[in-house]
Amino acid sequence: MEKLKSLFKKIKWKYAVNYVAIGAIALVLTALTMSGGIKQSDLFLLEKITMNIILAVSLSLVVGFLGELSLGHAGFMCVGAYFGGITSMLLESSGIMAGDGVLSFVISMVVGAAVAGVCGFIIGLPALRLRGDYLAIVTLAFGEIVKTIFQNVTFEIGGKTVGGPIGIRTPRFDKQYFFIIGFVLVLIAIAVIQNLIRSKHGRAITAIRDNEIAAKATGINVTKYKLCGFIVSAVFAGIAGVMYSFANSNVTASVFDYNKSIEILVMVVLGGMGNISGAIISATFITFLDVRLQSVLTGDLAVLNDMIYALVLILVVIYNNAPALRPFREKYNARKLLSRFFGFFRNKHGYADDEGKWDRVPTKIDMDELLSVDVIVNESVQKPDKEEKK
Amino acid sequence: MDFLITLVNGLSLGGIYAMIALGYTMVYGIAKMLNFAHGDIIMVGGYAILVFLSVNPILAIVFSVLFCIGLGIAVEKAAYKPLRGASPLAVLITAIGVSYFLQSLAQIIFGASPKYVIIADLGSLVIGEVSISYGTIITLACSIVIMIALTLFVKLTKTGRAMIAVSEDKDAARLMGVNIDHIIMITFAIGSALASLAGLFSLLRVPTIMPTYGALPGIKAFTAAVIGGIGSIPGAMLGGILLGVVECVCNSIPTVAPYTMAIEFAILIVILLVKPTGILGKKRREKV
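Just so you know, the protein sequences line up as chains A and B, in that order. Last residue of the first sequence: 390 (the working numbering), numbering continuous. Last residue of the second sequence: 288 (the working numbering), numbering continuous.
Hints are computed from structural coordinates only; laboratory data are not their basis. Even glycine gets a Cβ: it sits at the ideal position worked out from N, Cα and C. Worth double-checking, as some hints may not be accurate.
For lysine-lysine, the following DSBU-like pairs were computed, each having C-alpha atoms within a straight-line distance of at most 30 Å [claimed, not checked]:
1) A:K216 with B:K275
2) B:K282 with A:K224
3) B:K283 with B:K155
4) B:K77 with B:K170
5) B:K77 with A:K331
6) B:K115 with A:K260
Chain B residues, not near chain A, derived (Cβ > 10 Å throughout) [what the hints assert, rightly or not]:
7) A141
8) L150
9) A189
Examples of chain B residues lying across from chain A (beta carbon under 7 Å, computed) [said to hold, decoys possible]:
10) A79
11) P82
12) G97
13) F101
14) P258
Isolated chain A, as found in the complex:
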């Protein structure tokens, strides 16, 4: 009993809450499916949610923790979807095994994730030379290049020509149970990325985000950790891509365009930069809202969906980031409200021990604020000038 108590104390509930919540939801849903209490359209929604959680969490590693803006996450997904899909088709046409079984999924997943990881390595290389906006455009370019290539290349599989603009026809996994695999993969993705971030390596990654020069000066191997961040992120995006190819009977490259990348980025940003739980919640919420609104607002009203989405996005970002609203935000925020209800969210400092104190990527302005003496430029400097003119 004593041992159990000390173990209970050791677990950091803030981190465990992700696994417990997702595991519980997965179990409940599995039970519901077994008893036939879930509609087909809901299963489709669940598949989409698991996919988007993996995408958001993996992008969060690059954007939130490594501090590099990536606009080509859909490109990695595209690579995963195509290579995974082709592997399963090859397995089926060569007669080794059925293309829609679990084993086929695992093999395809390994292939898709590996190729996506190689792509992550290739994109990580420019990241060593470029920073900020320049790197963002390179990732965007990567995504578009991948899309254009897969839109035009054709393959010969089992005597049939596939690929090109119409895409490839992939084996469809049994719809009834695919979301369970999805939840398992979500748990794996969260476990890997969250533990990576909390480890020594993760602290090195956040150190690079906060100040690359200082990180280098303290002996952190910037090259290694930047590449590591990009590769891990790409591998999980690739896995999400393989899931996409198994969840849909048709894969076309035009799905993985720049808008898809932006959609994932929005999930990460709305969830809060450098916050895994936030990314999970916002990915779930946005996907849910998106699918539901699409089914409610049909025909001419479908446009309203985009409009609402855009307005919410603008307002939330302004509310979360506008310097003028800072005092208001500090008074009323979700973390404070949560800690009032759940005691265990709070510790002495109000922050978790190894969490960065930034709720967003620090900018040069933040660093200047910290490092320099304040020179306040106020109106009085300009006013005499104006009066002289008169």
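Start from chain A and add chain B according to the hints.
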């Protein structure tokens, strides 16, 4: 001879890209933000022409330019100004939100299907066997005039010099009595006016318009601005023209044509790897 026509076409398309890229680069230089909604101003400009086209083409063009200037300023005041001093990523996401907003608004008002906007039937210039459409020639001539005018404006006028000062050092410029808000507003106004003109000239090339009309030229012009060195005005012109020529040359070879976009983006990556700040971009040393 075929190659010459391709080249003229490419230069004219390059002129359009350069005009859009100038908007990106000026806003980046002065407000230090990537204005992802810039491409959609082109689309709004095109629809604005459509509204008054039946009355008078000239009136339609003037209305389009004025409307875009107003829209550019309004977007800056409503969406970007509250975020001044916040992280660049937040501003970027807001810009993406504005882009979606404008697209969906256009879809609500004009519908999703493409609309034909034939501004004027200009015909073609025929020299011997070859013919070049007048639209192409006008685009090329106008873009050259606009670029020269813009360069002179920035170099010679007081406002233009203030813009350079703000892009070099915001705080120092403020201490010298430059009104930063005013300069940023003027930058957005100029960028939006150029975007609406780019919309006009692209309608002369292909006379159809739809709500996502501005997205692709927007991304390509952004690429052009980065190739030339984002923040540099001559760089945007150079990048735009380079990209336009590459696109037309690639499109003229049948086997390469489907991969045009991949080639353009590959050029971008190669240039950035060789010269990380673009062709004419200034290297800034980071101080510790």
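Now for the hints, and whether the structure bears them out:
{"no.": "1", "hint": "A:K216 with B:K275", "result": "holds, 22 Å"}
{"no.": "2", "hint": "B:K282 with A:K224", "result": "holds, 28 Å"}
{"no.": "3", "hint": "B:K283 with B:K155", "result": "holds, 21 Å"}
{"no.": "4", "hint": "B:K77 with B:K170", "result": "holds, 19 Å"}
{"no.": "5", "hint": "B:K77 with A:K331", "result": "holds, 26 Å"}
{"no.": "6", "hint": "B:K115 with A:K260", "result": "holds, 26 Å"}
{"no.": "7", "hint": "A141", "result": "holds, 30 Å"}
{"no.": "8", "hint": "L150", "result": "holds, 22 Å"}
{"no.": "9", "hint": "A189", "result": "holds, 21 Å"}
{"no.": "10", "hint": "A79", "result": "holds, 6 Å"}
{"no.": "11", "hint": "P82", "result": "holds, 4 Å"}
{"no.": "12", "hint": "G97", "result": "holds, 4 Å"}
{"no.": "13", "hint": "F101", "result": "holds, 4 Å"}
{"no.": "14", "hint": "P258", "result": "holds, 4 Å"}
In the structure shown, no violation is registered for any of the earlier numbered hints.
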